[in-house]
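> Work the whole structure out from these sequences, hints included.
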Amino acid sequence: MKQMNEAQLNELEKDLNAIRDEVLADLGERDANYIRRVVRLHRALEVGGRVMMPFGFIPPVFVAATAMLGVSKIIENMEIGHNVMHGQYDWMNDPSLHSQTYEWDTVCTGDSWRLTHNYEHHTYTNIIGKDRDYGYALLRLSDDEKWRPAHSLQFINYILLSVFFQWGVGLHELEFERIRRGEISLKEKLPFLKGFFRKGGRQAFKDYVFFPLITFPVAPIVLAGNIGANLIRNLWSSTVIFCGHFTQDAETFTEEECEGESKGHWYLRQLTGSSNFSGNRFVHLLSGHLSYQMEHHVFPDLPAHRYPEISEKVQAVCKKHGIHYNTGSFARQYGTVLKRILSYSLPDRLREKWTALPQSA
Amino acid sequence: MLSRTERTSALQWLGKQLFNREDPAAFFDPLLERINPMWVQQYTPARVERIEDETADTKTFVLKPAKRWDGFKAGQHVNICIDIDGVRRNRTFSLSSAPAQWHSNGMVTLTIKRLPGGLVTNWMHDNLKPGATIGLGEAFGDFLIPEAGEPLLYIAGGSGITPVLSQLETLAAANYEAPVTLLYFVRTQADIIAAQKLYELRQNWDTLTLNIIATNESETPRFLKDVDLDEVSGIEQRRCYLCGPKGLMDLATALLTQRGISEERMHSTFFAAPKAALDTDALGGEVRFSTSDIRVSSEGDAPLLDIAEAAKLSPRYGCRMGICHQCSCKKTSGTVVNRLTGKSSGPGEENIQLCVSVPQGPVTVEL
Ligand code: FES
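Heads up: the protein sequence lines correspond to chains A and B, in order.
The first sequence lines up with residues 140 to 500 when you count with the numbering used here.
The second sequence lines up with residues 6 to 372 when you count with the numbering used here.
Simulated from the structure, these hints should not be mistaken for laboratory data.
A portion of the hints provided could be inaccurate.
Derived lysine to any residue pairs resembling SDA-like cross-links, with alpha carbons at most 20 Å apart [unchecked claim]:
#  : chain 1 : residue 1 : chain 2 : residue 2
1  : A       : Lys-269   : A       : Gly-339
2  : A       : Lys-345   : B       : Lys-21
3  : A       : Lys-333   : B       : Lys-21
4  : B       : Lys-335   : A       : Arg-253
5  : B       : Lys-21    : A       : Phe-344
6  : A       : Lys-345   : B       : Leu-19
7  : A       : Lys-402   : B       : Ala-315
8  : A       : Lys-345   : B       : Ser-14
9  : A       : Lys-141   : A       : Gly-461
10 : A       : Lys-345   : B       : Ala-15
11 : A       : Lys-345   : B       : Ala-31
12 : A       : Lys-402   : B       : Ile-299
13 : B       : Lys-317   : A       : Asp-229
14 : A       : Lys-345   : B       : Asp-62
15 : B       : Lys-317   : A       : Lys-141
16 : B       : Lys-21    : A       : Arg-337
17 : B       : Lys-317   : A       : Trp-405
18 : B       : Lys-21    : A       : Gln-342
19 : B       : Lys-251   : B       : Asp-233
And the structure:
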């Protein structure tokens, strides 16, 4: 991580706080209208997709219905669920958009997410050993972790994780790796597992039992479409999330260097541990504005649709303090993620040889 | 065949499976709202039909709630919710019309005075127009007319007249035969709310005695006096209803108590957060908000709602004075003192109202 002395860190903290205060003072109808419009879009897409799906025996209708349902789930998970649960809209005092009670359309329970994501990941971002989102305790993505032969197959794990992403996220709190190491017992996780099975069962029931059953004659089509929609959502959201912290220039940190850190230091870590990607309005909407991951990590509870305007100010602050503003096209950033997953699947010596080769990307 | 309740609980179960929420019907609100705002499920919508001027700073809003609204009893209040600059604001007002009107034409009225600096009341006066919809909660409150035909005394001040209007109208319609006296305190004659209605009532209903007292028209303010009560015949036998500013209510309670009227025969309703005298020595302690894992210390001078907000949490709230239960929240350990009653809670897990609960020692709240 870039070295900054205490005075510089204080200055950074002040600069970022100023941006935050400015936005907070300006929150109002514009933000309320925005999120309500997105919610309306989600409802329209979901209702549309569900209604069209039984007519999926006409191939173009099948494609459209599956896409609509997939996009509706993406919008609900990314721009609505994730952001609402961060408390971005709590100030609206609308019970249906309240962080502590929102329950989203995915396997992971809201409570589990609030714990593992809002608290753990956002507090310990990219600290190896503390941020379990880093590699999801499944992938080796930095040399902070020693290579084991099993890592050579990690690209397969990555594909599986992406395909079943909602189940992976749902099981994140289980801390399977710690159970395997005998640090905790399965019994301690029973309350969590109960919630997981209840929510997971509900999600599976809805998409794989209820909607196919009520359209009985075309059940296989509806089932296939619903599986497709979930798959679209899983692949897209895992990709977006991987681009947030695992790109080439996103840094990792050790527990020692973050011990007793100041707010300024925390800000610096959020900025250097995250990465953005560029795109048009649609890309930002579908990624829940996690395309502005740096802004999101610095201000997780400011309404996400504000990140584009906040970004200009954050860039200026980064420039002033000589901090790398890590962004690039989606393809470029994702490319570096894939490269990271692949290269760290190799033992260190091989990896060093590989990265020493002249690269065309 | 499924009974209605079984059917709704089965439906609710299914709704929860499909939409992941306690109020599945409200899933469609964003779309329904666009088609017809009266179809919204998350709260009961009420359309503003008319707005009438009462005095320079008081208006009556005539509302038509959606059919499914449960109705009310004379003297009860409702929570309303209104979005102002993107923020949903809940406030509690008493209904000023009689239930009979709601039964006959489906309309209810709220009579609302502008409060100096009041966000919601001023906004309603300045921005609410006929045709708009606002959210309405179910009616609540136990400021209710007696069942038996007892003689009654009402002491009302300023906009505290609103629940009394609803009661008087109801009593008049039922031809209530026992004597009823209303002592109504207003600043000046121009501040009488619903003057015309009151005069009409007096005209058509002989058992009503109306005594309107202007407090600010003479050199020195003219407050409630013992002589006012002397004029009320058979006052010891009356059931008393008090509604108005705290000063008036305290004074009235004291004077009536002196005359030997028991607490049980005095009913009051208030519109300002009362600050019951608290034994401050014993108050305060560490507050832990367990869901967000935040710890703060409390001096015992603020309710949990304020403490939570100062800690950057945004719990739900409505009236902020202990009546709407919007702020109800689970306390998992510790005791709190209820500011309204002055009573301590038990030490275990229970639901408390954040806005009137002051920590008494260390407290853990699920927030
Ligand atoms: S906010 Fe109404 S009871 Fe607390």
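> Hints first: check each against the structure and report whether it holds.
Comparing the hints with the structure gives:
no., hint, verdict
1, A:Lys-269 with A:Gly-339, "violated, 26 Å"
2, A:Lys-345 with B:Lys-21, "holds, 10 Å"
3, A:Lys-333 with B:Lys-21, "holds, 17 Å"
4, B:Lys-335 with A:Arg-253, "holds, 18 Å"
5, B:Lys-21 with A:Phe-344, "holds, 11 Å"
6, A:Lys-345 with B:Leu-19, "holds, 9 Å"
7, A:Lys-402 with B:Ala-315, "holds, 19 Å"
8, A:Lys-345 with B:Ser-14, "holds, 18 Å"
9, A:Lys-141 with A:Gly-461, "holds, 9 Å"
10, A:Lys-345 with B:Ala-15, "holds, 15 Å"
11, A:Lys-345 with B:Ala-31, "holds, 18 Å"
12, A:Lys-402 with B:Ile-299, "holds, 16 Å"
13, B:Lys-317 with A:Asp-229, "holds, 10 Å"
14, A:Lys-345 with B:Asp-62, "violated, 54 Å"
15, B:Lys-317 with A:Lys-141, "violated, 31 Å"
16, B:Lys-21 with A:Arg-337, "holds, 11 Å"
17, B:Lys-317 with A:Trp-405, "holds, 19 Å"
18, B:Lys-21 with A:Gln-342, "holds, 10 Å"
19, B:Lys-251 with B:Asp-233, "holds, 19 Å"
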